[in-house]
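Novice: Work out the full structure: start from the sequences and follow the hints.
Chains as they are written, first to last, in the numbering used here: chain A, 1 to 322; chain B, 323 to 464.
These aren't lab readings, by the way, just hints derived from the structure by calculation.
Residues on chain A that point at chain B, a partial pick, calculated with CB under 8 Å: (1) R276; (2) S283; (3) I285; (4) R319.
Dumping the calculated EDC-like pairs for lysine to aspartate or glutamate here, alpha-carbon to alpha-carbon at most 16 Å: (5) B/K378 / A/E271; (6) A/K255 / A/D205; (7) A/K215 / B/E401.
The beta-carbon is built from N, C-alpha and C at its ideal position, and this holds for glycine as well.
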Amino acid sequence: MGENGKPKFAMYWAAGCGGCEIGVLDIQEALLDVADFFEIVFWPVAIDAKYKDVEAFEDGYIDLCLFNGSIRSDENRHMAQLLRAKSKILVAFGSCAHEGCIPGLGNQYGTEALMDYAYSLSPSTENPQGLRPQAVYEMPEGDLEIPTLLDVLTPLDAVVNVDYYVPGCPPQPPQILAVMTAIMQGAELPPPGSVIGAGVKTVCDECPRERKEKKIREFKRPGTAQPNPNECLLDQGFICLGPATRSGCDALCVKANAPCRGCYGAPPNVEDQGARMMSAIASVIDSSDPEEIERIIASLDDPLGTFYRFSLAKSSLRRLAR
Amino acid sequence: MSASADFEPTIIGFLCRWCSYTGADLAGTSRVKYPPNMIPLKVMCSGRVDPSLVLKALADGADGVLILGCHPGDCHYHEGNHKTMRRVPMLKSVLQQYGIDPARVRLEWVSASEGDRFAEVVHDFTEEIRALGPQKRVESVA
Chain A
1 MGENGKPKFA MYWAAGCGGC EIGVLDIQEA LLDVADFFEI VFWPVAIDAK
51 YKDVEAFEDG YIDLCLFNGS IRSDENRHMA QLLRAKSKIL VAFGSCAHEG
101 CIPGLGNQYG TEALMDYAYS LSPSTENPQG LRPQAVYEMP EGDLEIPTLL
151 DVLTPLDAVV NVDYYVPGCP PQPPQILAVM TAIMQGAELP PPGSVIGAGV
201 KTVCDECPRE RKEKKIREFK RPGTAQPNPN ECLLDQGFIC LGPATRSGCD
251 ALCVKANAPC RGCYGAPPNV EDQGARMMSA IASVIDSSDP EEIERIIASL
301 DDPLGTFYRF SLAKSSLRRL AR
Chain B
323 MSASADFEPT IIGFLCRWCS YTGADLAGTS RVKYPPNMIP LKVMCSGRVD
373 PSLVLKALAD GADGVLILGC HPGDCHYHEG NHKTMRRVPM LKSVLQQYGI
423 DPARVRLEWV SASEGDRFAE VVHDFTEEIR ALGPQKRVES VA
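Specialist: Next up, the structure:
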C-alpha cells in the first residue's frame, strides 16, 4: 500500500478484443467503489500511465492486477513478465488469459499462415507489393520498432505463474463484482491457482430448459433452424457446450435461445474441454451403423472450432506437433 | 513423415476387460507372437475410453492409440462399445482438422476367443504406425 493507504490496482489488455475491459465497466456504479477503494496505478484503457512507469515500480508494488488477453506477441510476453514481477496477485482475467480463447484458434494454422492470410490472401486485402510489417524500420530520426508475433499463442499461465483465473468471454459483471467485493472486503481467497468468479458445476446445472433423452440424427445450426425455446438445445440437435462448460454465467446464452459456446472453459476436474464435449455429443448420436455415424458426424461443420472454440490453446492438442 | 527402419513405435492400447483383454490373454497362453510395442491398459469397457485419454496418450508420448472392445452386440454393458463406435470417428475428425493423421487412432473389435485376431490387429497397427513415423510434440509452448 502507498502513502494514501490504498491498495494498488492494475489492469492490462494483451491479445484480446477488449470485451473484458467492457465487462469491468459493466459493473456500473460499483466501479466507483472500486476506484475509491484502490489506487489505480496502471490501466491503459482508463488512465494515462506508460510502460516505463510500470518498470519503475518496485517488485510486488501492485496489489491486484487483472490481466486480460492472451500471449500472442513478444510485447504481450514482456508485459506479462513485467506485471508478474510487479504484482502481488496476478489474475488471468477472461477467456483469452485463461485458455487462449478465439485468438487461440489461430494455432491450428501457424503464425506464417496467419500473416499470409492477413497481408496477402484474404479477399479484402489489396497488397500488390506484398508488404509485410517489419519488426524494425530505420528512419532518419531513429529506428521504429513494433512487436512481433510468437510462433504459438498461449494463455497467460504458459509464460508466468498465475494466482487466479476468472473465466468467461467476457467474465460476467455479477461475477466480476463478486470477485472485487470479496477482495475489497478482505475475504479469505481460495488457494492460488484456483478459478474464481465462476461456479463448480456445468452450464446445464443452471439451464432452465426441459431435458429428455438425447438422440441426435443430424446436427442443426442456429440460423438454419429455429430452436424451441423451452427444450434442451442438445436434445434438438443444436451443438450446445453446456455439458462440458463450467457454470457461472447463469446460462446467459441458452436463456437467449442460443447454444452455449463454452466460454467459461472446462468444468472442475476436466482437463480438456473439447474432448469432454466430443465424448458427450458422440454418445448421443442415434445410430449404431458405422456408415450412418460417419454421415452424421460429417454434417457437423468445423468440429475443431466447435469443441475447442475457447480452449484450443490450453488443450492436449496444443502439445502435438503437425 | 518418413518411415524409419530403426523406429520402434510406442503404442498405448486400451483393452476392454471382458472381451479384448481376455483375447490378449488367449494370445499369450497360446504363445501367439505379436510385436511388443503396445502397452496394454485394462479398462472396464471400451466405452470408458474418453477422447481426452486418447489425446493425453498422444500428447504424453504415444505414437498411436489402439482401442479394443467387444464386437457390437457383445458388450457386457449392452451398448458401451456403441458409444465408442461414435466417439472414435468424432475424435478422428477433430485430429484430421488439426493436422494429425487420424490413422494414429484405431478402434477394433476383438472377442475373448480371438487370440489370433488380437495378435494380427496389434501387428498390423504397429506396422502402420511404424510407417507413419513418430508423433512429434511441441516441447515448449511458452
